[in-house]
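Undergrad: Protein sequence lines, in the order shown, are assigned to chains E and S.
Number 114 in our numbering belongs to position 114 of the first sequence; there are no gaps in the numbering.
Number 1100 in our numbering belongs to position 100 of the second sequence; there are no gaps in the numbering.
Don't read these hints as lab results, they were simulated from the structure.
Take the hints with a grain of salt, since some may be wrong.
Here are the simulated EDC-like cross-link-like pairs (lysine to aspartate or glutamate), alpha carbons at most 16 Å apart as the crow flies [as the list claims (entries may be wrong)]:
#, chain 1, residue 1, chain 2, residue 2
1, E, K214, E, D26
2, S, K1214, S, D1026
3, S, K1214, S, E1190
4, S, K1076, E, D75
5, E, K214, E, D113
6, S, K1151, E, D113
7, S, K1102, S, E1019
8, E, K102, E, E19
9, E, K151, S, D1075
10, S, K1199, S, D1168
11, E, K76, S, D1147
12, S, K1214, S, D1160
13, E, K199, S, D1174
14, S, K1199, E, D26
15, S, K1214, S, D1113
16, E, K214, E, E185
17, S, K1151, S, E1185
This is what each chain is made of:
Number of protein chains: 2
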Amino acid sequence: MTKVTIVEEIMSANDRLAEQNRALLDAHGVFAINVMASPGAGKTSLILRTITAVAPHLTLGVIEGDTAPVTIDADKVLAAGMPAVQINTGGSCHLDAAMLAKALPQLPLADLDLLVVENVGNLVCPAGFKLGAHANIVVASVPEGDDKPYKYPGIYRGIDALILNKTDLLPYVDFNIPYFRQGIELLNSEAAFFPLSCKTGEGFAAWIEWLLAKVGVMRDA
Amino acid sequence: MTKVTIVEEIMSANDRLAEQNRALLDAHGVFAINVMASPGAGKTSLILRTITAVAPHLTLGVIEGDTAPVTIDADKVLAAGMPAVQINTGGSCHLDAAMLAKALPQLPLADLDLLVVENVGNLVCPAGFKLGAHANIVVASVPEGDDKPYKYPGIYRGIDALILNKTDLLPYVDFNIPYFRQGIELLNSEAAFFPLSCKTGEGFAAWIEWLLAKVGVMRDA
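One chain only, chain E, in its complex shape (with noise of 0.2 Å):
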């Protein structure tokens, strides 16, 4: 009982927090998406390339969450010219409200149309914390399986857009993409679908496309 008790007060304060956050990115006109997934699946890849596509509409910023003080991710966004910074967890398992609300300043929030937060990979834990965002998206990638909406389904409830990358490959691996699918719609009927590969670019346009159009609708509200 004890042990419930704290988690509601951790996650309360979280959810506070994380709604102070939403209101400093609304009081500076920033849309601000939160990307997950594995390891791997390609968050970095999937925010360079978008970067490249959405710089000649809008400004980017980019927060780097990583369980090591390595900026291997940071670098890359700075390279492509976009303003970035690092959070280190110390080896947390996710972001949280309270680590965006410490990075949030250190962005020049006032020039910035879009936010982009590259959360720690991980498919389990990043889904309890919300961050203040104002969508949640997941990166999802071929050759981890088409089975992963049925084994780690917290993470793919609640978000706003699906992206499943690296199409490339599915020449190369066994992917159902119909059984992939059926699995995120027993958990979430209303989460935009955009199976992508970034190497190629392949479908890669309607990813973008619904971007502008969210980023639009909140700067037009």
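Assemble chain S onto chain E, guided by the hints.
TA: Frame of chain E; chain S shown alone:
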């Protein structure tokens, strides 16, 4: 300070239970391996192919850790003719020694030579919780990318063997094996390294030879 104390107490309790698990396994002459990996790296494929390879030499049981009450992996093991027990972690991101302690009596330990424990697919959390296994194994996979040791260092420290699965995809993916191995060497220069493909069987014999030697060493001790 309070938080640190609580975490230390949890870890200490886990370590004590892990020692009890080890003693129970030793009492029955069972060699146990804890198989950890990112979701979709191929833990279940490795286990199924390992069952086929070792079945002529020894008797094997499997414990499947899952975050959800699905029995996809356990069913595959049962279909392969081996005793399997599923641990549903109820959403938790890793197995711990207490979960294993509950599962062990459900297996015919007296009949087993080898116990394979498939941990929850996660490159962060399982590293922190000893189970009592005799060997800890990480299954990496080619499409995950060669930078994972740099980004998720915790899981590679202290492991006994590292498997690099899905080498059949090397022609289609940018994966620098020397860069990957260099990252591992910095963390753990002792781990045995087995590049292999569970799909084609390439490289599998070396892993089986290592595993049989490990089991043999303990049984003769």
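Undergrad: Taking the hints in turn, state whether each one holds.
TA: Tested hints:
{"no.": "1", "hint": "E:K214 <-> E:D26", "in the structure": "holds, 14 Å"}
{"no.": "2", "hint": "S:K1214 <-> S:D1026", "in the structure": "holds, 14 Å"}
{"no.": "3", "hint": "S:K1214 <-> S:E1190", "in the structure": "holds, 15 Å"}
{"no.": "4", "hint": "S:K1076 <-> E:D75", "in the structure": "violated, 42 Å"}
{"no.": "5", "hint": "E:K214 <-> E:D113", "in the structure": "holds, 11 Å"}
{"no.": "6", "hint": "S:K1151 <-> E:D113", "in the structure": "violated, 28 Å"}
{"no.": "7", "hint": "S:K1102 <-> S:E1019", "in the structure": "holds, 14 Å"}
{"no.": "8", "hint": "E:K102 <-> E:E19", "in the structure": "holds, 14 Å"}
{"no.": "9", "hint": "E:K151 <-> S:D1075", "in the structure": "holds, 13 Å"}
{"no.": "10", "hint": "S:K1199 <-> S:D1168", "in the structure": "holds, 8 Å"}
{"no.": "11", "hint": "E:K76 <-> S:D1147", "in the structure": "holds, 13 Å"}
{"no.": "12", "hint": "S:K1214 <-> S:D1160", "in the structure": "holds, 10 Å"}
{"no.": "13", "hint": "E:K199 <-> S:D1174", "in the structure": "holds, 10 Å"}
{"no.": "14", "hint": "S:K1199 <-> E:D26", "in the structure": "violated, 49 Å"}
{"no.": "15", "hint": "S:K1214 <-> S:D1113", "in the structure": "holds, 11 Å"}
{"no.": "16", "hint": "E:K214 <-> E:E185", "in the structure": "violated, 22 Å"}
{"no.": "17", "hint": "S:K1151 <-> S:E1185", "in the structure": "holds, 14 Å"}
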